[in-house]
Amino acid sequence: MSDAPIAILARNLSKIYRIYKTPFDAMKEAITRKPRHVQRVALNRVNLEVRRGEIIGIMGRNGAGKSTLLKLIAGTLERTEGHLDVRGRITAILELGSGFHPDYTGCENIYMGGMCLGMSKREVESKVESIIEFSELRDVIDQPFKTYSTGMQARLTFSVAISVDPDVLIVDEALSVGDARFQLKCFTRLQQLREKSTTILLVSHDTNTISTLCDRVIILESGQVYAEGNAKQMSMAYHNLLFGEQKSGVDQKKCKTQPSKDDHVNDGVTVDKTPVSEPAPPKQLPAGVDRLLNPSRVGPSMRYGTGEAKLVEWGMLDADGQPCQVIESGKACRIYMVLDCRQDIDNLSCGFAIRDRRGTVLWGVTNLSQNQPPYKVRAGSRLTIAADCIMWLSGGDYFVALGAAHLADGEKIDFVEDAIIFKVIGPEGIFTTSTVNLQTAFSIECKVADIGSTAGT
Amino acid sequence: MVKNMVNFLRVLYTRRELITEMVRRELRDEHMGQTIGTLWAFGQPLILMFIYMILFAYVFPARFGSQASMADYSASVIGGIVPWLAFQNLLFRAPGILKYQANLVKQIVFPIEILPIKTAIASALPYSVALAFAIAYSVWHHDLSWWTLSIPWLIVCELAAMMGVAFLISAAAVFLKDVKEFVQIFTSVNLFAQPILFNPFIKIKYLHTLFYFNPFSYQTWCWQDALFRPTAPHLIAWFIYPVCSFGVLLTGWLVFERTRSSFGDAL
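Note that the protein sequences, when read in sequence, are chains A and B.
Take our numbering: the final residue in the first sequence is number 457, and no numbers are missing along the way.
Take our numbering: the final residue in the second sequence is number 267, and no numbers are missing along the way.
To be clear, the hints were calculated from the coordinates, so they are not data collected in a lab.
Glycine included, C-beta positions come from ideal geometry on N, C-alpha and C.
It cannot be assumed that every hint is accurate.
Per label pair, the in silico range of CB-to-CB distance [unchecked claim]:
{"hint": "1", "chain 1": "A", "residue 1": "R357", "chain 2": "B", "residue 2": "N7", "range": "47 to 57 Å"}
{"hint": "2", "chain 1": "A", "residue 1": "R138", "chain 2": "B", "residue 2": "Y13", "range": "34 to 44 Å"}
{"hint": "3", "chain 1": "A", "residue 1": "A408", "chain 2": "B", "residue 2": "L267", "range": "40 to 50 Å"}
{"hint": "4", "chain 1": "A", "residue 1": "D85", "chain 2": "B", "residue 2": "N103", "range": "24 to 34 Å"}
{"hint": "5", "chain 1": "B", "residue 1": "L46", "chain 2": "A", "residue 2": "D85", "range": "51 to 61 Å"}
Simulated pairs of lysine-lysine, DSS-like, Cα-Cα distance not exceeding 25 Å [what the hints assert, rightly or not]:
{"hint": "6", "chain 1": "B", "residue 1": "K180", "chain 2": "B", "residue 2": "K99"}
{"hint": "7", "chain 1": "A", "residue 1": "K34", "chain 2": "B", "residue 2": "K177"}
{"hint": "8", "chain 1": "A", "residue 1": "K21", "chain 2": "B", "residue 2": "K177"}
{"hint": "9", "chain 1": "A", "residue 1": "K146", "chain 2": "A", "residue 2": "K127"}
{"hint": "10", "chain 1": "B", "residue 1": "K177", "chain 2": "A", "residue 2": "K28"}
With the hints as constraints, model all of the structure from the sequences given.
Here it is, written out as structure tokens:
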């Protein structure tokens, strides 16, 4: 993929929103080009390089600059600084049903929507059948758009947008509205587009969507690239960003007021604000260097938390109580961790989660999900927390995240991603791509009467 | 300047399908859900024409008595009022062109220069029927002349001016909220600031001086010359009108192109 031609190239891309006292100032400025505004930095020196045929996921909290970045790439906003080069026909679904008129029928809106996206009338005509087919709205296609449900509107919008055969497709959250089956269809379609070397930019908060679809993920934070890497690592980093550093809210505010400070972007993903152990030394990187394109530098595990308690030991035991890293599917096992409490904790919540390679959570358990009350501990106590399971996962590599948190605000006390990496040896006779072991007995019964007589003997 | 004109013409050509479709939509949208729908768009100007005809051919002359100086000047009124009503129609719509379609401006990759163009065309189109009426009226009054052949050229000039004004006002309205009110007052005053409703046989001196300062007067004079056999054609208007029209178009296009990058932020 890396030798494919570049589709989007951004260097030091910045967007500064101008806030005017009166709208008249904006006009005066537009004509005279003399500044009359206060600035708000939405995007600060973002570097991005996307090749043709890549699916890039963009994640980040609300207000991190995701939409701004997409709009800049789509060309509906003007960049303030930097260099941006987008090659090919762009289609953007930045909002559901834009260009669609609520009073017109679905069919009329296909024409209008398609033409708004740059197709000729004849082009739309040739595609209208496949658009209706894809949207699965044939029964209601002659009813007004406003009578459609949100999901149906999303389906039509999406169907029109992908029919354009764009070189660059930008999807902002639009996928999250459809039902699961339509989403799956969209995913398949996006994969097909990718094979036709369409570049796809996808914004989502759903780590599962992102890790299912994307080759590469970029996390934005405070208008800067916070981390970049493969989907699984970034899903964790995003999780980390959302839950792992609530204490550091102040730092982020600081970062907004001094956007030029670059120390927020660390080398790789290990972005511990309150490190328990192994703090990753923040490394200052010269601006414009391709630090982004090195997912391999991401550490194997991430650990974060407040440090009120510390995990001292964890592991997986087989049926005989021996530590193991390989387990046969269908066998009993125990996942455990030992927590040393340094302070009193009133409402402890602790547990484990198993993820697959893509970062999808396959299984998880905490004392709360087990309907146990939050745990109270005193300083100095040592807890052994264990989950005894039967390993019904199918063959493959799996990753265990484990840790403890405060129940009230979800603040992590000590949390280790990828703490245990184990391999399951799958049951024989099922697809190697299976995720679960359903303890299958497979049979074929045949009941045709008088097979002998029909053969004429 | 030539480059800008070429750019404009290119947009007009490459987007002709989208423009046609959007004009149709705009005319239909307005009368969506009404019993006779789009007929209103074309019928209303026609009814207005009838009213003007009756007023200026029968009612006013009868009131003032039939003096020689009060000869029937209804053809002159009708010839002058058609282009102005079309223009006025645009002026009412122009401030909302970008504001009410913010989702197109902000949300998708859309050639927004289409919006003022299509609104200009959609404003003028219903008056094609009124124009046909005016031509028929002038045939009936034996007012046709060789000048009538210039009508296609006048239509081009008027559309150019309308598009230019649409570019200017729509862009200004993005930044200035009071453009709409200003335009409304301007349109109601401007009807009387040009030589439409006045008897062309009576020249009031101070009014006439005013007319020369109003660019819309030149448009009126040209159309009146074309539809109402001129005893003394306004030759100067035939020169000034096209120059102004295309000047406005070019200025509007330039201002629009220059400010368009700020639309997304300002809306």
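Here is how each hint holds up against the structure:
A hinted range of 47 to 57 Å holds for the C-beta pair R357/A and N7/B, which are about 52 Å apart. A C-beta distance of roughly 36 Å is found between R138/A and Y13/B, which places it inside the suggested range of 34 to 44 Å. Between A408/A and L267/B the C-beta distance comes to about 42 Å, which sits within the given range of 40 to 50 Å. At about 27 Å, the beta-carbon gap between D85/A and N103/B stays in the expected band of 24 to 34 Å.
Between L46/B and D85/A the beta carbons are some 54 Å apart, a value that agrees with the proposed interval 51 to 61 Å. For the proposed pair K180/B and K99/B, the alpha carbon gap of about 11 Å is at most 25 Å, so the pair holds. With a C-alpha separation of about 21 Å, the suggested pair K34/A and K177/B falls inside the 25 Å cut-off, and the hint holds. Pair hint K21/A plus K177/B holds up; C-alpha atoms about 14 Å apart against a cutoff of 25 Å.
Restraint check: the Cα-Cα separation between K146/A and K127/A comes to about 23 Å, which is no more than 25 Å; the hinted pair holds. About 14 Å separates the Cα atoms of K177/B and K28/A, which keeps this hinted pair within 25 Å; it holds.
Of the numbered hints stated above, none is contradicted by the structure.
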